[in-house]
Amino acid sequence: MIALIDYGAGNTASVANALENLNAEYVLTNKESDICKAQKVIFPGVGEASFAIKQLHKSNLFNLLRIVKKPMLGICLGMQLMCEFSTEGNVACLGIIPGRVEKFDAEKTNVPHMGWNEVFQTKPSKLFEGIKDGEFFYFANSFYMPLGESTIAKTNHGIDFTAAIEKDNFFGVQFHPEKSAEAGLKLLQNFLNL
Amino acid sequence: MVSKRIIPCLDVKDGKVVKGTNFVNLVDAGDAVELAERYTSEGADELVFLDITASAEKRKTLVSLVEKVAKAIRIPFTVGGGISELSDIEVLLKAGADKVSLNSSIVKNPDLITMASKRFGSQAIVAAIDIKRIAGVYKVFVKGGREETPLEGLPWCIKAAELGAGEILLTSMDKDGTKDGYDLEFLKELTKQVSIPVIASGGAGKMEDFLDAFKFANVDACLAASLFHFNILEIKKLKGFLKDNEIKVRL
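So the protein lines, in turn, are chains S and D.
Using my numbering, the first residue of the first sequence is number 65, and each one after it goes up by one.
Using my numbering, the first residue of the second sequence is number 48, and each one after it goes up by one.
Hints in this document: simulated from the structure, not taken from any laboratory.
Computed from a predicted structure; not experimentally measured.
Note that beta-carbon positions come from the ideal geometry of N, C-alpha and C, so glycine has one too.
Relax, there's no trap hidden among the hints.
Some, not all, of what chain S presents toward chain D, calculated at C-beta under 7 Å:
1. Ala77
2. Ser78
3. Asn81
4. Val110
5. Gly111
6. Ala170
7. Met178
8. Gly179
9. Trp180
10. Phe200
11. Tyr202
12. Ala204
13. His221
14. Lys243
15. Ala245
Result set (PhoX-like, lysine-lysine): computed pairs, CA atoms no more than 25 Å apart in a straight line:
16. Lys196/S <-> Lys283/D
17. Lys115/D <-> Lys250/S
18. Lys226/D <-> Lys284/D
19. Lys167/S <-> Lys239/D
20. Lys295/D <-> Lys250/S
21. Lys165/D <-> Lys167/S
22. Lys253/D <-> Lys283/D
23. Lys235/D <-> Lys172/S
24. Lys295/D <-> Lys235/D
25. Lys250/S <-> Lys283/D
26. Lys295/D <-> Lys218/S
27. Lys262/D <-> Lys172/S
Chain S on its own, in the form it takes in the complex (with noise of 0.2 Å):
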């Protein structure tokens, strides 16, 4: 069973679209207990980052996420929400992996960062696998994770940034993988063998 965070913030009837095409049992859930009792989390999240940090606040999720030991996966706004810092809205984060999240420079490229994008593997990752180098997925972002140590994938949007993290149980993409055609549901699919 997959618990997907419904807090308010996250637009996850396509996410749950994409994990009825699987045949992937889930709960849609704010509450700690579904969570507790779920075998993966998928945190998904798209709006603005300090609406969203006082949701889980609101919802009493925001230790709970931090502390989980089972895989999670932010997807999007849930990945950049796992940063120590988000500069929209200046906020702080959930602190599971380490840097801030910034704003694309619109004198330089276009804001947001809309389409499909090529997305390069930096390290070895299970997320990945079977998905070839340079596989194109859907993005629709404005902010952006710099590339850090947890990086695992990149893209490139006037500078080079985090496509894809992993540090021990946890897991994020700033794309939408449930909106990236056949690419996105092998990733998925990956995320659930885990």
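Based on the hints, put chain D in the right spot on chain S.
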């Protein structure tokens, strides 16, 4: 670098695709889903659904269509047509749409752009802007192109971007249906002036028109309807042509 996008547009009425009738005998909403699936498998990067239903029942049929499409395809899609309230947007995004396009409602109430992008993220808010040249000046039209406004094209696009729109879907009414190519002159100036992605719409008739829009006007995406619906142009072939001409596309 992010790739250039090809976006088929489907006009829907009462939950049915209306422009696609010659194509696969589209008779009900189920067939709209079939068409969406077909475009997805042919390599479309995104889809746009424009609802042209006028009845009071429209929202219900549209939401049900969005739910069906969201279950069927795994690429992003935008929904537009008569959306005027934050609550409309919320319902459509919850049903599985990735973005909504706003047209007449933001001319009437520009603050809607800001409120919507704050609440749902600017990536979910597309400003759809219809322009037509009147006595040498690009004017903004609303209500499906039926009503002229005092607004001028370029300043309104810039304002929409400043207010928080995540993309501009720019339709040239002069070019729409001509198959004569996109409005390169306007688009070129627009992409210079705004830093959000621009989608070109209206006028595509052949593969070179797409190439010109990407190469000379520097747009991020090209939208077309009848070319794809009537099978005049295959998406795969178009993308192959663009790649051969050094445009980065997802193949």
